[in-house]
Amino acid sequence: VKTRAGLFTSIFDFYFKIIGDSLLATLQSLAAEFDHEVEHAFSASAHPVQIFESVVDVMLDSHLCTPVCAHTGQHKY
Numbered sequence: 010v011k012t013r014a015g016l017f018t019s020i021f022d023f024y025f026k027i028i029g030d031s032l033l034a035t036l037q038s039l040a041a042e043f044d045h046e047v048e049h050a051f052s053a054s055a056h057p058v059q060i061f062e063s064v065v066d067v068m069l070d071s072h073l074c075t076p077v078c079a080h081t082g083q084h085k086y
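Residues 10 to 86 (this note's numbering) are what the sequence shown spells out, left to right.
Hints should not be assumed to be uniformly reliable.
DEER-style ranges, computed between Cβ atoms [to be verified]:
| id | residue 1 | residue 2 | range |
| --- | --- | --- | --- |
| 1 | F21 | A55 | 48 to 56 Å |
| 2 | L69 | A41 | 42 to 50 Å |
| 3 | F23 | D70 | 33 to 41 Å |
| 4 | L73 | L33 | 16 to 24 Å |
Simulated from the structure, these hints should not be mistaken for lab results.
Every residue gets a Cβ at the ideal spot worked out from N, C-alpha and C, and that includes glycine.
Please work from the sequences and hints to get the whole structure.
Have a look at this one:
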């Protein structure tokens, strides 16, 4: 790919390392936020049914994993 694009190996490697690091940091940020919300759901009640419902709500919550959250997460790093 880099040869066909006419890129030097060092430029190619640097670019994809930066992109890879940024995407990894974004996923780690989203995962940490999700973990925090799941932990909160488990501690919100002692009743198993309420805990289950809270965890399902977190897993289906659209605000935790949206393109906007992912884009914002990339700018943190």
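Legend entry - Hints not upheld, ascending by number: Hint check: 2 fails alone, others pass.
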